[in-house]
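For reference, the chains in residue letters:
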Amino acid sequence: LFEKKSDTFRRFDRAARVIIHRAPHRNTSPLPSPNIPKFWRASNRNPAPRKMTTEKGKKQMIKPKAWNPLDSVAAQNLWKKLSTAIDEIHNKNASELSYEELYRTAYNLVLHKHGELLYSNVRDSLKKHMVKLAAMVSACPDDRLLEAISQEWKDHQIALVMIRDVLMYMDRNYVWQHGQMRVYDLGLQIFKDTVVYHEKVRGRLRGLLLRGVAEEREGRLLDQDLMRSILSMLDMVGVDASNVYEEEFETPFLAETKTFYQNESQQFISENTCPDYMKKVEARLYEESLRGAHYLHPSTVPKLNFILETELIENHSKTLIEMENSGCEHMFKEDKHNDLLRMYKLFSKVPKALEELRDAMGEFIKKSGKDLVAQQEASGNKEPNTFVQGLLNLREKFAVICKKAFLGDSKAQKKVVGAFEEFVNVDGRSARYLAHFADDLLRSGLRGMGEEEADSQLEKIILIFRYLQDKDVFENYYKIQLSKRLLSGRSASDECERSMIAKLKGECGYQFTSKLEGMFTDIKMSRDAMDQYRKAGRSKIHGIEMEVNVLTAGYWPTQTVLPCVLPDPLGSCCSAFEGHYLDKHTGRKIAWQTHMGTADLKADFEGRKHELNVTTYQMCILMLYNGADVLSLGQIRDAVTIPEQELRRHLISLCTPKHKILKKASKGKGISEDDTFSFNAEYTSKLKRVKIPMVSAKEGTAAELNDGENKFALPSNVEEDRRHLIEASIVRIMKTRKLLGHNALVAEVSRQLSSRFFPQPQLIKKRIESLIEREYLERDEADRRSYRYLA
Amino acid sequence: MSASELRAITGCSIEKAKILLDIYNGDANSAAEAYFSGEAIPSARSKGRRSSKNQPKISKIDEWFNKYSDEDEEMSDKGILSFCEDIGINPQDPTILALAYEMSAKEMGLFTKDEFRKGMVSLGVSSCKELREKVAYIKGKMSDTNSKFFKEVYAFTFDFAREGTLKSLSMHDSIELWNILLPVSRFPLLKPFEEFLKKEGSVSIVARGCSEGRIARDLWMQLPLFFDHVGPDFEKYDSADAWPVILDDFAAFFESNMKREISG
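Top line first, the protein sequences correspond to chains A and B. Take the first sequence: its position 478, counted from the start at 1, is 478 in the working numbering, and no numbers get skipped. Take the second sequence: its position 175, counted from the start at 1, is 1175 in the working numbering, and no numbers get skipped.
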């Protein structure tokens, strides 16, 4: 009963330890206590039966004669002696008694079969004494009662130890043989029944204990030693397997605790803000933990904690999280790291509440994300960089919260990722804007930054990139912008470009970036090729210097646009280069991408000469004015064969008020079908060299961005790529597996492609069907859900 | 005449020659004729039938065929119509497809003499009267849509109705053939499916990147299985199953229509 309460319960003083010592006595042979004289022990323990016949044996023969007459009368006499001694012990006069004598008396009584007499007399004597004690204790007024009990309890314990020692032989023989309760336990039991359960004590005792705790909770001082002593008493008197401690104290205590905190937390939460409530709870938890350490039985502590956690945290977690103006939303918004940390620590005690907290964070992120999107839309989608910056800020904010407030909780981090992924992947917006953001950085944003700073900027892009499901959409836009940067030489630094690509490669692997890297190689090769061309002395023909970029088809986001008609001298420049290049690289084909180039034109205006930097298309248009002053739209169209939309776009940029190279006959922004354009000889500019901006190009992108509902739909070339990738993946898988079930195939394809994008099962199914139609696959005859590879 | 002689004439394997001679009771001329008419692989079934019955005479079949054939020795639309009339079937009856299957006919609306011969020999009939008696039997076999025979005819019909090198059927033809082959009583979903095809089908198919409004073989083959599997009210439908995508679209269409009907 007591051993289980060993170490941690050390505070339960001497008595407990004495009892623990006693434990071995139960089953071992008689082993006298240490203060019994030696000779006594020896003669008793080893009767040495063999020596009975020797001289010493004679002496022993006499003794039984002397003892024999120990009839009931003699026994009564002996008992009287003991009885007086026990009374003396109770009266604290034990020092005048001879332990040895008393022990022998008890020993003799037991030896001569008067054990029962002894036992029942001892019981009666203890009872008698306890009744006296109880009368005295019960007469105490409330404010003295606890102390009185505690004092009597201590005395009683001491007395019991002595009585026990005296009656040790009885304990070991009579008690053991007759299955009675040992004297010490008997004393405890009688104490319990007579004193603790005294009708005038029991109820008051319980009430006083509970009141003591309640008052302490109110802030009043409490004699904690007294509490501890009484509670340990309740625990110890439960020797006969009755749960005195539990019944008299623990159960009502826990019930009171529950009601107390139910009420208090209700009141707290209605009166306080969320952080204040948590501070109070923290204080209460601390107080209660002290209570546990100071006077509660250790077994009560977990039960108490459970009640505290349920009443103070679990039952209010939702209210706390959702509390207006001070709940989680507020804390997230205002970066209240300390409050969040407090909340995290408190909620960690209740797994359910912690999960609610994480959920609240996820919801907040999603909501913030939606707000970002809404803001972006409200601004007319004009500021993609603000959107991305918003994303980055949000991410950074929660990275810090996870680290500081949630102590790097991995589940919380997962929640953050999940929440971001959810709103980032709603449409193609994020991928597109992120590419745009990257473009701005790589164009100019990184200029003047140190290597490390630039690197950390690029790393941020990767952080968002990781959330993207449709990485191929990002790649598509990134590629378009990279090509513009490379071809116009507008990249801030080659190193940054390469570092960005390396990062993407690290995320998605070699295949993802092979085309991007190919673009770099092309530019480098082109430079070398041009150097050679120049060295060959053929780069200048008819006074025109031509610079060519040779782009590998497939790497670049090129459209197949038929070349426009180049004005005469240029055509021969092109064929000269073509001849030169194809000489070196036999078997290649050159397709001129006239819609991507630029040209510098020297133009004579009335005032002065200007150098105009225009697109190749515009150059073609302007060159027409060498032979005419006024041209109609139809004439221009026929002469240059530029695709209609592009033609209008380029023409209108030549007619802007700021750079009015051509004069448009009609008014307004549009071009009517029968419009005519004349050369504006009065054009002047402060600069000698003028770059004609593609006004409509900007409008064009804006229009593209606002392109109705589908503005963030999948770009068609990405869709096309996906079809090929899925088919290739299906064929690859089927080639090795030969026969595979539908679901397994879909799962495997999804897995293989997941690093690039997330293919919809329907899309995969469509590709399977297409492959069946083209007889790469067939359905298995026996199982229509399985496909067979047709070699 | 020995098997090796027959082999020399026809160039078929010695085993086949033996079987043929066996069937035609050693009559090498008939055997050779049968071989060239395409009836070169007699199955156990037809062999059994022949041994119990009188062999249909090729000459008699030819005579019969000539009643319907035109100058090109082919039975075309007109001939087929009167052929149908004579044997007492509606040209819209699945039986005619079963007959075409027996003939291994290559092209719709046209039976060649060889095809006709092969079909009649395989059916073991040589006159209009005999075939009339057989029609009920064929109808019976066709009405059991789970039978192997029906499935073979159904599969055959796709190739039969295919035009030239095209790998798919037009939607119009498909719907007509389905109406002939698939009894509505057993495939109550056929009507809603047709409605779906007419309303959204072409859109749906085009959107799927297939050739415009055409029915691929896979869809053709899967359709009766699909109807059978999901049950009349799509109870067992599972969008993750391996059905052609258009059938998933149909399921969505059906469901939304049902909802509309219920709410409307």
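Any given hint could be a false lead.
[Stated by the list, open to error] Interface residues of chain B toward chain A, partial, derived using beta-carbon atoms under 10 Å:
id, residue
1, Ala1161
2, Thr1165
3, Ser1170
4, Ala1216
5, Arg1217
6, Leu1219
7, Met1221
8, Gln1222
9, Leu1225
10, Phe1227
11, Val1230
12, Lys1236
13, Ala1240
14, Ala1242
15, Ile1246
16, Asp1248
Source of the hints: derived by calculation from the structure; they are not laboratory data. The C-beta atom is built at its ideal place from N, Cα and C for all residues, glycine as well.
Hints, one by one, checked against the model:
The criterion of a C-beta within 10 Å of any C-beta in chain A is not met by alanine 1161/B, whose closest approach is roughly 17 Å, and the hint is violated. The interface hint given for threonine 1165/B is violated, since its Cβ lies 13 Å from the closest Cβ of chain A, which is over the 10 Å cut-off. Against a cut-off of 10 Å between C-beta atoms, the interface hint on serine 1170/B is violated, since the closest Cβ of chain A lies about 15 Å away. Against a cut-off of 10 Å between C-beta atoms, the interface hint on alanine 1216/B holds, since the closest Cβ of chain A lies about 5 Å away.
For arginine 1217/B, the interface hint holds, since its Cβ comes within 10 Å of a Cβ in chain A; the closest pair sits about 7 Å apart. Taking 10 Å as the C-beta cut-off, the interface hint given for leucine 1219/B holds, the closest approach to chain A being about 8 Å. With a cut of 10 Å, the hint placing methionine 1221/B at the interface with chain A holds, because the nearest CB-to-CB distance is about 8 Å. With its C-beta approaching chain A no nearer than about 7 Å, glutamine 1222/B sits inside the 10 Å limit, and its interface hint holds.
At its closest, the beta carbon of leucine 1225/B sits 6 Å from a beta carbon of chain A; the interface hint therefore holds under the 10 Å criterion. At its closest, the beta carbon of phenylalanine 1227/B sits 13 Å from a beta carbon of chain A; the interface hint therefore is violated under the 10 Å criterion. Restraint check, valine 1230/B versus chain A: the minimum CB separation of about 13 Å is more than 10 Å; hint violated. Among the interface hints, the one on lysine 1236/B is violated; its C-beta lies about 14 Å from the nearest C-beta in chain A, farther than the 10 Å criterion.
Hint status for alanine 1240/B relative to chain A: holds, with the closest Cβ pair at about 7 Å, below 10 Å. Taking 10 Å as the C-beta contact cut-off toward chain A, the hint placing alanine 1242/B at the interface holds, the least distance being around 3 Å. With 10 Å as the threshold, the beta carbon of isoleucine 1246/B comes within range of chain A, its nearest partner Cβ sitting at about 9 Å, so the hint holds. With a least beta-carbon distance of about 7 Å to chain A, the hint placing aspartate 1248/B at the interface is held under the 10 Å criterion.
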